[in-house]
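S.K.: Here are the chains, one letter per residue:
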Amino acid sequence: MKINQQMDPKERDKQYNDYVKKVTPTHSLGLCMGKAFLIGGLICVLGQLILNFCETNGLDRETSGSWCSLILVALSVLFTGLNIYPKLAKFGGAGTLVPITGFANSVAASAIEFKKEGQVFGIGAKIFNIAGPVILFGIFSSWVLGLIYWIGGLLGLF
Amino acid sequence: MDYINAFWIGGLICALVQILLEKTKLLPGRIMVLLVCAGAVLGAVGLYEPFQEFAGAGASVPLLGFGNVLWKGVKEAVDTDGFLGIFMGGFKASAVGISAALVLSYLASLIFNPKMQ
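Same order as they appear, the protein sequences are chains L and V.
The numbering of the first sequence is my numbering, which starts it at 1 and goes up by one.
The numbering of the second sequence is my numbering, which starts it at 1 and goes up by one.
Certain hints may be false.
Unchecked claim - Within a straight-line C-alpha distance of at most 25 angstroms, the following computed DSS-like cross-link-like pairs (lysine-lysine) qualify:
#1 K90/L to K22/L
#2 K90/L to K25/V
#3 K92/V to K72/V
#4 K87/L to K23/V
#5 K25/V to K87/L
#6 K22/L to K23/V
#7 K115/L to K90/L
To be verified - Chain V is faced by these chain L residues, among others (derived, beta-carbon under 10 angstroms):
#8 V20
#9 K22
#10 V23
#11 T24
#12 H27
#13 G41
#14 V45
#15 L59
#16 E62
#17 W67
#18 S76
#19 L78
#20 G102
#21 E113
To be clear, the hints were calculated from the coordinates, so they are not data collected in a lab.
C-beta atoms are modelled at their ideal positions from N, C-alpha and C, and glycine is treated no differently.
Make a model of the complete structure from these sequences and hints.
M.R.: What follows is the structure in structure tokens.
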């Protein structure tokens, strides 16, 4: 792009903005949604497979759910370490972010990335980069709801 | 049939979040926080449980389900332990997921080295 210093600033800004728009990669939203649908759906099917396997082996629903989380988290951490999950995320977008595997991926990725900064202030602190906010606000929101539930119980509402 | 439901509902949640991601430019961390909180609220108003009954892993695997698990843990703990339960249930219910993510990630950081993107 040619920028002429003598150009009218407004005209110059317009040219620049047009240029930025032109070189910014545009993804079609529909296509990205389709990819997210496919990958997210497949991860959930994998979860259903684990759930069904546990339940046919006589575990109750809650225990099956715990096993399901555990296995999905373990797979996600492993695939993050092997650098496969980031590639999947590039394709799947929100499809890899929304399932619990996305949470595990962000925890593992921070731990691995900040390893050079040391055990305590590198891995120890940075492992909570994403996990911290999720745990804090998850626990906090359920605490608020629990408080309402407890007060409601005292008043005989629930 | 449960596989089909898990696939299309789980996929649909992801596709909807993809819209949010593109239109609002929210960072992934914020999206995760939003999903977990929304899941806890949906659980508390009694919507998530019947939804999960229908969708199976399509509802429990997304982070919304994690929020629902937090709420369920708090509710059960309040039922058995009263006031103290408000402080117990969340961590109890999410223990497996959080411990697994932390412990396994730490182990992974000992084994794997960061890759150049």
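S.K.: Each hint: holds or not?
M.R.: To see whether the hints hold, each was checked on the structure:
| no. | hint | verdict |
| --- | --- | --- |
| 1 | K90/L to K22/L | 22 angstroms, holds |
| 2 | K90/L to K25/V | 16 angstroms, holds |
| 3 | K92/V to K72/V | 10 angstroms, holds |
| 4 | K87/L to K23/V | 23 angstroms, holds |
| 5 | K25/V to K87/L | 20 angstroms, holds |
| 6 | K22/L to K23/V | 19 angstroms, holds |
| 7 | K115/L to K90/L | 23 angstroms, holds |
| 8 | V20 | 15 angstroms, violated |
| 9 | K22 | 19 angstroms, violated |
| 10 | V23 | 18 angstroms, violated |
| 11 | T24 | 13 angstroms, violated |
| 12 | H27 | 8 angstroms, holds |
| 13 | G41 | 3 angstroms, holds |
| 14 | V45 | 5 angstroms, holds |
| 15 | L59 | 13 angstroms, violated |
| 16 | E62 | 9 angstroms, holds |
| 17 | W67 | 8 angstroms, holds |
| 18 | S76 | 8 angstroms, holds |
| 19 | L78 | 7 angstroms, holds |
| 20 | G102 | 7 angstroms, holds |
| 21 | E113 | 5 angstroms, holds |
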